[in-house]
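There are 6 protein chains.
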Amino acid sequence: VPDEITLLKGTPFIGARTEVEGARVVLFGCPFDSTTSFRPGARFGPAAIRQVSDVLETYCPILQRDLEDIAYADAGDLLLPPGDSRIALDAVHQFTAQIVSAGQIPAGLGGEHLLSLPLIQAVHKANPDLCVLHFDAHMDMRTEYLGVRLSHASVMRHVSKFVDSSRILHVAQRSGTRAEFDAAANAGNLREATVSPVELRDWVGKRPVYVTVDLDVLDPSVFPGTGTPEPGGVYFNILQNWLVGLADCHWVGWDVMELAPTYDASQVSSIVAAKIVRTMLLSSTNG
Amino acid sequence: VPDEITLLKGTPFIGARTEVEGARVVLFGCPFDSTTSFRPGARFGPAAIRQVSDVLETYCPILQRDLEDIAYADAGDLLLPPGDSRIALDAVHQFTAQIVSAGQIPAGLGGEHLLSLPLIQAVHKANPDLCVLHFDAHMDMRTEYLGVRLSHASVMRHVSKFVDSSRILHVAQRSGTRAEFDAAANAGNLREATVSPVELRDWVGKRPVYVTVDLDVLDPSVFPGTGTPEPGGVYFNILQNWLVGLADCHWVGWDVMELAPTYDASQVSSIVAAKIVRTMLLSSTNG
Amino acid sequence: VPDEITLLKGTPFIGARTEVEGARVVLFGCPFDSTTSFRPGARFGPAAIRQVSDVLETYCPILQRDLEDIAYADAGDLLLPPGDSRIALDAVHQFTAQIVSAGQIPAGLGGEHLLSLPLIQAVHKANPDLCVLHFDAHMDMRTEYLGVRLSHASVMRHVSKFVDSSRILHVAQRSGTRAEFDAAANAGNLREATVSPVELRDWVGKRPVYVTVDLDVLDPSVFPGTGTPEPGGVYFNILQNWLVGLADCHWVGWDVMELAPTYDASQVSSIVAAKIVRTMLLSSTNG
Amino acid sequence: VPDEITLLKGTPFIGARTEVEGARVVLFGCPFDSTTSFRPGARFGPAAIRQVSDVLETYCPILQRDLEDIAYADAGDLLLPPGDSRIALDAVHQFTAQIVSAGQIPAGLGGEHLLSLPLIQAVHKANPDLCVLHFDAHMDMRTEYLGVRLSHASVMRHVSKFVDSSRILHVAQRSGTRAEFDAAANAGNLREATVSPVELRDWVGKRPVYVTVDLDVLDPSVFPGTGTPEPGGVYFNILQNWLVGLADCHWVGWDVMELAPTYDASQVSSIVAAKIVRTMLLSSTNG
Amino acid sequence: VPDEITLLKGTPFIGARTEVEGARVVLFGCPFDSTTSFRPGARFGPAAIRQVSDVLETYCPILQRDLEDIAYADAGDLLLPPGDSRIALDAVHQFTAQIVSAGQIPAGLGGEHLLSLPLIQAVHKANPDLCVLHFDAHMDMRTEYLGVRLSHASVMRHVSKFVDSSRILHVAQRSGTRAEFDAAANAGNLREATVSPVELRDWVGKRPVYVTVDLDVLDPSVFPGTGTPEPGGVYFNILQNWLVGLADCHWVGWDVMELAPTYDASQVSSIVAAKIVRTMLLSSTNG
Amino acid sequence: VPDEITLLKGTPFIGARTEVEGARVVLFGCPFDSTTSFRPGARFGPAAIRQVSDVLETYCPILQRDLEDIAYADAGDLLLPPGDSRIALDAVHQFTAQIVSAGQIPAGLGGEHLLSLPLIQAVHKANPDLCVLHFDAHMDMRTEYLGVRLSHASVMRHVSKFVDSSRILHVAQRSGTRAEFDAAANAGNLREATVSPVELRDWVGKRPVYVTVDLDVLDPSVFPGTGTPEPGGVYFNILQNWLVGLADCHWVGWDVMELAPTYDASQVSSIVAAKIVRTMLLSSTNG
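Chains as they are written, first to last, in the working numbering: chain D, 1 to 287; chain F, 1 to 287; chain L, 1 to 287; chain X, 1 to 287; chain B, 1 to 287; chain Z, 1 to 287.
If you're looking for bench data, these hints aren't it; they were derived computationally from the structure.
Misleading hints may appear alongside valid ones.
[What the hints assert, rightly or not] Once the Cα atoms are required to be at most 27 Å apart in a straight line, the calculated DSSO-like pairs of lysine-lysine come out as:
1. Z:Lys9 / L:Lys9
2. D:Lys161 / D:Lys125
3. F:Lys9 / B:Lys125
4. D:Lys9 / X:Lys9
5. L:Lys206 / L:Lys125
6. Z:Lys206 / Z:Lys161
7. L:Lys125 / L:Lys161
8. D:Lys206 / D:Lys161
9. F:Lys125 / F:Lys206
[Said to hold, decoys possible] Label pairs and their in silico Cβ distance ranges:
10. L:Asp54 / X:Val195: 24 to 30 Å
11. F:Gly205 / D:Glu19: 54 to 60 Å
12. L:Thr143 / F:Gly188: 24 to 30 Å
13. D:Glu4 / X:Glu199: 27 to 33 Å
14. X:Val198 / D:Glu4: 45 to 51 Å
15. Z:Leu8 / F:Asp182: 56 to 62 Å
16. D:Thr194 / X:Gly147: 56 to 62 Å
17. F:Arg17 / X:Ala179: 37 to 43 Å
18. F:Ile62 / L:Asp69: 42 to 48 Å
19. B:Glu199 / L:Thr143: 41 to 47 Å
20. B:Ala71 / Z:Ile62: 53 to 59 Å
21. X:Lys125 / D:Glu19: 54 to 60 Å
Computed from a prediction, not measured in an experiment: that's the story for all the values here.
By construction, the Cβ of each residue, glycine as well, lies at the ideal position given by its N, Cα and C atoms.
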């Protein structure tokens, strides 16, 4: 456990206050990528999202809601040391727990997907009946990766140890081992990319929901700036529609992970991530 | 008003003559970007379009027409000084007026979208019953941007001062303020990205039409090389089909704006822009 | 004819053995691009495909097959001299003939599309009733390009001299001269991008088939890393579905050409190419 | 004159406080580039300097001083509208005047070189005996550029209207018109790149000095990320030594201009700029 | 021999007329790179040089001469087909011979170094006592490269068949085989990078001189945009001083080869090449 | 300790055999970067060095030696898991020990500088009188970095626990804390960038020497492709001359670390690294 949590303040996400108190949603960055298996650089994701967020308007014509209507804060970035996952996981867990205990919705900006683990852990502790929506290109259900148990390739495996598999829904995965796909098929908790927003909303129902978005669920043409791009993904409007469709659900936490801006010099991946964050800010506070 | 107009001659667009006289369509570059709000660089758009145009064939298998069948000229680039919008607007207006008075179709290559203003002004003067088709990701109906009235974010606001709102059709806009969207909804002159080519053609009817294409109407996966990319746009074939569908209309002017090639090292954005120019050359001269 | 064939060994494609003997499919690189008309660099394609292939899993959830189930080798790269097409064509032909005579399936990784010519020649010699599926943005039926007969723009013209036009099917071409399109229309051997996988499978039937994929058939948003990008192409899943649909056909040879990784710093084009190779490995060995 | 000055707070420069009060030096960003003649993008300079500054140590082994020993603040970025130089100049002037009147040293981060004009004006008003050191590749003594008087190519011409030419020293200029070079030669106020730090220090003597660094004085190999790169410049250590050599002078203002980070994907230009800022922070507070 | 020479007109080099007649120096582009051994792309060199040339002033403060004082033309680019060296060599030879027979100085912009061969051949025919200055990182004295005799790696070997070795001076080569270096050492016609401008001028004396600059003689930090970068080269000012030092010699032809702009997104390599062209224009016309 | 060491075979370094047995020097890649403090990506260093090595000749005109004259192997890359430094350090140590016990010279290709620790440990065990030459921009003498003890910022601190400070020479460091510089000044084991090759050779004398090159000792203009670039470094020829000057020393191990090729799209950094490897191969086997 870290002695203290250090937050680095930066340019806030468009329209966000920097004071956490009184906010309904608290954004915070998780700049860490040490277990990334292919291309590191997700540590630069949170800063990139904020830097480009100003190109967006605060108004969403689909939801017909405006960021100006809601209370959300950008707490800055957690200071996470490269090369030691345990320190990073502890810091994220501790900060998330603070937000949850204040009755706020934590919203993590990644950073590698492994950091969803402590976020979900802390949210789950306060919401034992939590269900989890997992948007991703990859199953992330490996037991280990090259001998390393705490890996971004095994994050949902770890989550499934405390959230029952029946309360986790994997959406649009298109890469994994045969064992991973067979297990999901058996459990019946995998939905293809053709799933409708209504089906997702109905699956969630009235349960408290945590939504974790590994942005590589998007097609690499839309989102090349990520560590492990996988061809054949969903287009922006599909993902946006899923998230808009959840606007009446009871959100208790969410994250947007795996932006690695170095690999997309056009900055489009960063802008896509920022627009997903805007959509989730508006959707998670609609209820 | 500038004392004289200077044209810089360069490699012409594929198949174009460089002599303006006798041409039905006159292409000219408007290398200016001083009011760009996010990422400048549209000044390099016209040169980039010409440079890559040779990768295309002159034949369009959809329209089954060939550039070799039509008379079009590439007049080169207007010399526009960075940092002074009024000089730039005056030069574009003056040159457009020359083309119009010669009975030719002016076709501007941008350059920022603000420069559509003097183009449309000059065309409107000769065609008081002009209607305007506006393809764009953004409404561009702001009254000002950070205190600057002549901005690429307000170009259609300025146009709407001399072309009645009922004769302007906004197509596929997905970004703007609540006020901009509400105004368009009230006026009924906004069409979603699902609009069909036939609807557009019917809206135009037999009226003289000016078609302004802000290329950021395209999805950033297709067209990252622009100043203010906005996720969730239309794909290439959609835009191409709209333009092909207008082949029987009475075109009196058009432009292709907001290519900023610096942000797309793959050159794909430039090639996309060039193919849109080819399509518009063929479509605007079909009638 | 070259005195000897030199193979440069490198990191093999994911899961491939390096010993050719005993393999059912033999991958080999053809790093050559001297006749590329617009942007050279396809010579770096084979190395790029291998370098990124490890980001993929060996399992394909669509075909529900795993690379671990099949015997395939990566023979390395042919040493081909820049600037002399005849030496390059001879080397590719000679090595392909060796593979064919060993009863193996040759699978070329390009490199420019011209190198499909010696591949198809060698395969055709052993399979006189060969049919050829040609996925491409371009017709490639020119008789010459700027006076050069052996050009990547004329490769299918050369193929049509020994494979009858009725046994060649062009799929999804969207660029060419009027003469090229008219000839294909007359011959009835051009299918639009809307063709279904079943139609392709039925066209092939029980005949031995060679599948040549010029990757620029894909839309440039998906695949910018190529020499002559052409807007308006097909998306990844379309191409993948076509190839998956051929899984019951009798494959006797195939190639994946025209990756030029220099033009896509995001590496996505290389990963797309690698996933197409994985799909074709699994599809071509399913029967 | 702007009604109010807006400051955008962001990640501060390494080690800087964000409260201006009590600081000896006040850094502030001037994100504006509308008159840039060749490649725009200097608007992104201030953010890039801050973003990478953390790669540096706070200690300078040459000066043997540490940033921790001095009081300096980062006030954030002035909100400057693209496309209207007068508004931008007014805002910079007004904010600089505030700092000067508080007895602090203003330090502008550019942004295009034109913005040095209001900085020097405000500093000069409080220091009528001001001398100016001008490090630059270009003379910047044009009377206008394409008809625009307020241009980054004419900034020193404007300065010379209120600071006597004898109190301006141009250092290491290597590009200009014959007239510009002849005028400087006649005035005797041009020093070649071979000038020693001691000569510069002696020229300044005990006078209050303003130091303006147009970073394109550096060779493009060291600093490609700028709007108008000019081959044949000075290397990093030369510039650093000049600035270190001024450590005993009486600094009353300074700026670091013309970083355009878009053109250097390696980020090296940004790091170079940040290290120059560190050197100037330490040097300007040594006396 | 080509039936006709085709010249593609483009944006001329800064200040150049486009009419060849009456010019003392005739610039022309040689966009060809088919024998490049490592990274192709020199075909884009001539266009890149012209495109950026406008960032330079026409005045050179070292030579104290201005481009406005001399008569030079930019004839455009020769149309050279990729993949067939003989056609390319013939076209360059034929056009150079035309220029030479008109008493003008031919100046080739590359394009790969192999194209210096026909340039020097044509100039030599008119000047049998020609001497050749060869600035390059590589010896270029191979007899063949992978079986190809006409290669950019053997260009000086071919030149040495008609210009006696004693009249060729290799300057600053730092890469080659032992045999190449031993041969040059024996012949005494290799000078290290420390050679002074005066030594070079004296070696030339009053003889007609052809100066061929393979730009990779420069250090890759200054000039990364080339096909075969070799660390440890000379800096810009060294090369510029050599060329300035030849201002009183009797120039009869020159070239600037091997810019491959694709590999330098900062455009600095292109600007460096353009400034070398400016220097050679002024130096070659001083006598 | 890992149960087994896995080596991934790839394209070998130019001219290297792949069989380790019988070689005097054994190259091997250490693709790991989990503790990198600023920009990760050194994991891609070894592959990049090999990929470009073919652009070099095997002959070095300075040493007048050829790689063909020496016996060296490229063992491939160690399989090192991201996110767990201990596993990585163990694997490198174990493999190095094997090489050392076979009487061969281990030569590590990085990868982050932390991996020099197990290399030096294993070499030191067999050579208790070992001295270490440390070329680097940074002191690397921190006790920890953000709470992580095993960090690339503390590698030399760890080395100094088993190699006495008097037997470590730091060369050309220009970044560190005041404490780091003061300690080195007191110990007298820091040499500035002006140190001559002869001084270095004399310091080594007849002792067995390990040479560790953190490539960021080079100036970022020469070598931008690294995780923590620091302006003001040495140029290529300086570093090369130091290494050439050690050709008569008794080398027992060496490494070349911290190439992160992602940050240099021009590939020049990779070629620089490859040429340094060539120089060290020749220098370390000369005695």
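Violated hints, by number in ascending order, as checked against the structure: Hints 3, 10, 12, 13, 19, 20 and 21 are the ones this structure does not satisfy, whereas the remaining hints hold.
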